[in-house]
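> Chains as they are written, first to last, in this note's numbering: chain C, 249 to 482; chain B, 1380 to 1715.
If you are wondering where the hints come from, they were derived from the structure by calculation, not from laboratory data.
By construction, the Cβ of each residue, glycine as well, lies at the ideal position given by its N, Cα and C atoms.
Misleading hints may appear alongside valid ones.
[What the hints assert, rightly or not] These stretches of chain B come out as covered by chain C in the derived footprint (C-beta under 8 Å, 3 or more residues): (1) 1449 to 1463; (2) 1483 to 1495; (3) 1553 to 1567.
[What the hints assert, rightly or not] List of simulated lysine to any residue pairs, SDA-like, C-alpha gap at most 25 Å: (4) C/Lys477 / B/Gln1606; (5) C/Lys303 / B/Gly1395; (6) C/Lys393 / B/Arg1457; (7) B/Lys1704 / B/Gln1606; (8) C/Lys303 / B/Gly1469; (9) C/Lys393 / B/Lys1393; (10) B/Lys1393 / C/Leu309; (11) C/Lys393 / B/Leu1474; (12) C/Lys393 / B/Lys1537; (13) C/Lys477 / B/Arg1497; (14) C/Lys393 / B/Ser1521; (15) C/Lys303 / B/Gly1523; (16) C/Lys473 / B/Lys1568; (17) C/Lys397 / B/Lys1704; (18) C/Lys477 / B/Leu1520; (19) B/Lys1393 / C/Arg374; (20) B/Lys1454 / C/Lys315; (21) C/Lys393 / B/Ser1458; (22) B/Lys1493 / C/Ser390; (23) B/Lys1568 / B/Val1491; (24) C/Lys473 / B/Arg1499; (25) C/Lys474 / B/Ser1521; (26) C/Lys315 / B/Lys1393; (27) C/Lys397 / B/Lys1568; (28) B/Lys1492 / C/Ser390; (29) B/Lys1476 / C/Ser390; (30) B/Lys1480 / C/Arg374.
[What the hints assert, rightly or not] A few chain C positions that, by computed beta-carbon distances, are all more than 10 Å from chain B: (31) Val289; (32) Pro310; (33) Pro328; (34) Gly349; (35) Arg374; (36) Val398; (37) Gly429; (38) Gly441; (39) Ile458.
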Amino acid sequence: MSEFFDSPEFQEAWEIFRTQFPLAAWETVYVTVVSTFFAIVIGLPLGVLLVTGEKGGIRPLPSPLLKLLNWIINILRSVPFLILMILVIPLTRALTGTAIGTTACIVPLTAAAFPFAARLAESSLREVSPETVEMAQSMGASPLKIITKVLIPESKPSLISNATIAITTVLGYSAMSGIIGGGGLGKIAINYGYYRYKYLVMIIAVVLLIIIVQLFQTVGTMLAKKTDKRLKRT
Amino acid sequence: MIELKNISKVFTTKDGSIEALKNVSLTIPDGDIFGVIGLSGAGKSTLVRCINMLERPSSGSVVIDGTDLGSLSEKQLRSVRSQVTMIFQGFNLLLQKNCLKNVCFPLELAGVKKSEARQRAQELLELVGLGDKAKAYPSQLSGGQQQRVAIARALATKPKILLCDEATSALDPTTTNSILELISDINRKLGITVVVITHQMNVVERICRHVAIIDDGEVAEQGEVTQVFSQPVSAAAKQLVYPDGISDITANAAQDEHILRVVFNGAEAAKTPLIAMLAQQKGIAANIAYASTKSIGNKAYGSMILSVRSKAELTEAVGYMNSIKDITAQEVTANE
Chain C
249 MSEFFDSPEF QEAWEIFRTQ FPLAAWETVY VTVVSTFFAI VIGLPLGVLL VTGEKGGIRP
309 LPSPLLKLLN WIINILRSVP FLILMILVIP LTRALTGTAI GTTACIVPLT AAAFPFAARL
369 AESSLREVSP ETVEMAQSMG ASPLKIITKV LIPESKPSLI SNATIAITTV LGYSAMSGII
429 GGGGLGKIAI NYGYYRYKYL VMIIAVVLLI IIVQLFQTVG TMLAKKTDKR LKRT
Chain B
1380 MIELKNISKV FTTKDGSIEA LKNVSLTIPD GDIFGVIGLS GAGKSTLVRC INMLERPSSG
1440 SVVIDGTDLG SLSEKQLRSV RSQVTMIFQG FNLLLQKNCL KNVCFPLELA GVKKSEARQR
1500 AQELLELVGL GDKAKAYPSQ LSGGQQQRVA IARALATKPK ILLCDEATSA LDPTTTNSIL
1560 ELISDINRKL GITVVVITHQ MNVVERICRH VAIIDDGEVA EQGEVTQVFS QPVSAAAKQL
1620 VYPDGISDIT ANAAQDEHIL RVVFNGAEAA KTPLIAMLAQ QKGIAANIAY ASTKSIGNKA
1680 YGSMILSVRS KAELTEAVGY MNSIKDITAQ EVTANE
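Model the full assembly from the supplied sequences, consistent with the hints where possible.
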């Protein structure tokens, strides 16, 4: 065992780990959290529109508009992330001034994640029973009040667990963004592992990614459970 | 006063259109407890949703205290709805909010200050007997308790009208009883007009003064409860009064037989051998044609149909029954 730790491969990997990983891990978490945040900021209202805008919903949208919205979300969701990253380069440049680097990859990550977030939000909001919505209507709640005081608060635990799914998915995407210039653990894994055959470095990067996913998932599940008052029993 | 004038409601589906309500007209006086009874699918739920315009009638008008709701904008309707509140079969509480916040909900919508809302909500929870459950969540309550919270919530905006949509259908008989008592209490104390939608005869008999029987989207019969239930004219009414397929008891009654219907409304009769006493004290041998009674908390609820042999016996039996507390009896003459 000590031979392994004394080996030049390990020494080199340790050196890289020590000097580069703290920043890379931070970049990964930063990019993931910020992108997921933007994805939710855009996706949650879209999810609300998908639920409230349908025929018989609390604020029906014109049917062509709703169809268009569904269509855009489906298309964005079916484009592979790598391709999407390339496609949004002009937008990335326009928004951040550059197409490579840590901050730049927030744009494609958000673009890839918001349609996903919209669908997740849609499914969470649909868990609120139509009877509960009807109750709010019978009390004279306006559509906006139904959204802010009934739909979202009542589906909060589900929204939190779906946000957790979103953040872990974005984390996976962020690792992929290392291929075309995104920063973080993905970049290290690809640069050292794929281009320079330093598998040990790659494995360390992957293990770190796993640990981060685990952390996000554990915290998310805990929050979802804690906020869910339906689980309360006497 | 609630006036429903020639209400029709047509639902269009892929398989054609369904006429849920056909030319329904009803007048519900202030302070009344008005029952709307019918089998499931009869249209009574649609009818109650027309009263607060959750369903807009296809034709006809809903007039509450002189205001035609059909002429109001969505915004104006929403403010009317704070005066015409509703409770439901499934309680429909906000599951992520505690009882106090559930009761605060309509007050929040009405823009009442938070501290004021909380105070009023606490008072209402006390009114419904759940003052100590303010911090409890719906999942920690029984069905009856949840309905009490829903009632407190429905009363928060001091409504003039309370609509009860199958409010006791999901509850056991004892709980049903206590909820009905609470509703009639509220009607008495606060003078709120109550509209009760149900498929349960005993609910109407327990608390309603007037009743409308809805059958296939139409009003089959309406009037005072005792009147309608003692002399049912329509087929729908007969089916409700004589369930279990004995609707033709009266039709098959022999020439000299007379039928009376006895209603137990919380009488101490569980201990009283009523039929035996009728025989002993009055010398009347009554034949039981139908009986459906239950004893809830040692009180009898339900109804019985008896037949006796002469008009004189009938008059005497009716008089005897009516002399006992919480029992009413009427002659049944269904075949006019």
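> Tell me if the straight-line CA distance from C/Lys474 to B/Ser1521 falls inside 25 Å.
holds (22 Å)
> Check the non-interface label on C/Gly441: least C-beta distance to chain B beyond 10 Å or not.
Holds: least Cβ distance 45 Å, greater than 10 Å.
> What's the verdict on C/Lys393 and B/Ser1458, does the C-alpha distance respect the 25 Å limit or exceed it?
Holds: C/Lys393 and B/Ser1458 sit about 14 Å apart, inside 25 Å.
> Check the hint pairing C/Lys393 with B/Ser1521 against an upper bound of 25 Å on the C-alpha distance.
Judged against 25 Å, a Cα distance of about 28 Å means the pair is violated.
> Is the Cα-Cα distance between C/Lys477 and B/Leu1520 25 Å or less?
holds (12 Å)
> Quickly compare the C-alpha distance for C/Lys477 and B/Arg1497 to 25 Å and report which way the hint goes.
holds (20 Å)
> Would you say C/Pro328 is clear of chain B, with no C-beta pair closer than or equal to 10 Å?
holds (38 Å)
> Is the Cα-Cα distance between C/Lys393 and B/Lys1537 25 Å or less?
It holds: about 20 Å lies between the C-alpha atoms, which stays within 25 Å.
> Need the status of pair B/Lys1476, C/Ser390: alpha-carbon distance at most 25 Å?
Cα-Cα ~19 Å, so holds.
> At 10 Å, judged by beta carbons, does C/Val398 keep clear of chain B as stated?
violated (7 Å)
> Regarding the pair B/Lys1454 and C/Lys315, is the alpha-carbon distance no greater than 25 Å?
violated (28 Å)
> Can the restraint linking C/Lys397 and B/Lys1568 be considered satisfied, given a maximum Cα separation of 25 Å?
violated (32 Å)
Comparing the model with each numbered hint stated earlier shows that hints 3, 4, 9, 14, 15, 16, 17, 20, 24, 27 and 36 do not hold.
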